[in-house]
Structure formats: structure tokens, C-alpha cells
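Visitor: Given next are the chains, with one letter for each unit.
Number of protein chains: 2
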Amino acid sequence: MYKANIYVTLKEGVLDPQGGAVKKSLHVLNYTGVTEVRIGKFIEVWLEAKDPETAKVELKEMSDKLLANPVIENYRVEMLEVE
Amino acid sequence: MYKANIYVTLKEGVLDPQGGAVKKSLHVLNYTGVTEVRIGKFIEVWLEAKDPETAKVELKEMSDKLLANPVIENYRVEMLEVE
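So the protein lines, in turn, are chains A and B.
Under this note's numbering, the letters of the first sequence match residues 274 to 356, in that order.
Under this note's numbering, the letters of the second sequence match residues 274 to 356, in that order.
Do not rely on the hints blindly, as some may be mistaken.
Any copy, or any two copies together, can satisfy a pair, since identical chains are not distinguished.
Okay, derived cross-link-like pairs now, DSSO-like style, lysine-lysine, Cα gap no bigger than 30 angstroms in a straight line [unchecked claim]:
| # | residue 1 | residue 2 |
| --- | --- | --- |
| 1 | K284 | K338 |
| 2 | K297 | K323 |
| 3 | K323 | K333 |
| 4 | K276 | K296 |
| 5 | K296 | K329 |
| 6 | K276 | K323 |
| 7 | K297 | K338 |
| 8 | K338 | K323 |
Just so you know, the hints here were simulated from the structure itself, not pulled from any lab data.
Quantities reported herein were computed from a predicted structural model and do not represent experimental measurements.
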């Protein structure tokens, strides 16, 4: 069994209205030192595969096809073997 | 200037309908080895603070008050000093 952590972030230059709203709210709460907020996804996937190479290939495919939108998002995959 | 990565995840036992939907979609795409998917948030915050201790305290407060819902979510903060 493999466990993957996938971090999906908006590409630089892509507008992040959710991050902008959170930044404004933090300023209202008096955290005026906050200069920028960007909000992405943290996706955890557990999967069975015959070997780690297969798992890595599948995770890359899943990210490209479904988990991230490669036009506007970057992603990074970390994987470890678990019991 | 400090940069923080904040990982917000649903607590164990809290239902994750979005993760369930993604798991089903991955099965439809023939990734049948996927046994579980959990979807959380990956929040990046840049802030100014007079020292790292102050920054850490503020980040913890922001997470408790706004970025995470402590009733159903856990969070983890990583912080580094940047230029």
C-alpha cells in the first residue's frame, strides 16, 4: 500500500480570489502584517500497486487528468510506502 | 518576511464527500487500486513580523480563528524566513 500527498497550487500570475478574500479577513482581524495569501489543495491518496514505480506513474496520471488543472495549477507529489 | 505553509486536513472520522467523489471518479478512470482519498487545504501565507516567535504565534491564532475549523479540522504550520 502506498500513501501519496499531493500539493496543488495555482500557477504564479493566476488570480486567487479565495486567497484575496482570506487576506482581507485577516487584515480585519488585525493581522496587518499579512502581505499575501494563496490557497491550494492538499490531497491524500492511498492506493495499492504492484510496485512503487507503477504507483508513481499512476499518481502522475491521476494528477494530470483529474486532481489538478495543468493549465492553471502546478502540483507536487510525495509518496511513501505504508502498511 | 516569513512564509508559512499551512496544511488543513479533516479530522479522522469526519466524512469527506469531496474525497469520496474524487475516489469514485478515479475508479471510473480505471485507477481501481485507489482505496481512499481525503481532500484538505494547502494555504500559503506571507507575513511581516518583528521576530519569528511573533510570526509563529500569529500564524497559530490565524489558523484557529479563520483558516481552519478546529471542531472538524486539524492543521499543521511550517514556517521559514524569506527575503
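Visitor: Evaluate each hint against the coordinates.
Guide: Hints and how they fare:
Proximity of K284 to K338 under the C-alpha cut-off of 30 angstroms is found in both arrangements, the shortest distances being 17 angstroms within a copy and 27 angstroms between copies. Within a single copy, K297 and K323 get their C-alpha atoms only as close as 47 angstroms, which misses the 30 angstroms cut-off; across copies the closest is 21 angstroms, which meets it. For the identical chains of this complex, K323 and K333 are intra-copy neighbours only, at 16 angstroms inside a copy versus 41 angstroms across copies, given an alpha-carbon limit of 30 angstroms. When the C-alpha separation of K276 and K296 is checked against a cutoff of 30 angstroms, the pair qualifies only between copies, where the shortest distance is 14 angstroms, while the shortest distance within a copy is 32 angstroms.
In this assembly of identical chains, the alpha carbons of K296 and K329 lie at most 30 angstroms apart only when taken from different copies (17 angstroms versus 35 angstroms within one copy). Taking the shortest alpha-carbon separations for K276 and K323, only the intra-copy value of 14 angstroms comes in at or below 30 angstroms, while the best inter-copy value is 38 angstroms. Taking the closest pair of Cα atoms, K297 and K338 come within 30 angstroms of each other only across two copies (14 angstroms); inside a single copy the shortest separation is 33 angstroms, beyond that limit. For the identical chains of this complex, K338 and K323 are intra-copy neighbours only, at 21 angstroms inside a copy versus 43 angstroms across copies, given an alpha-carbon limit of 30 angstroms.
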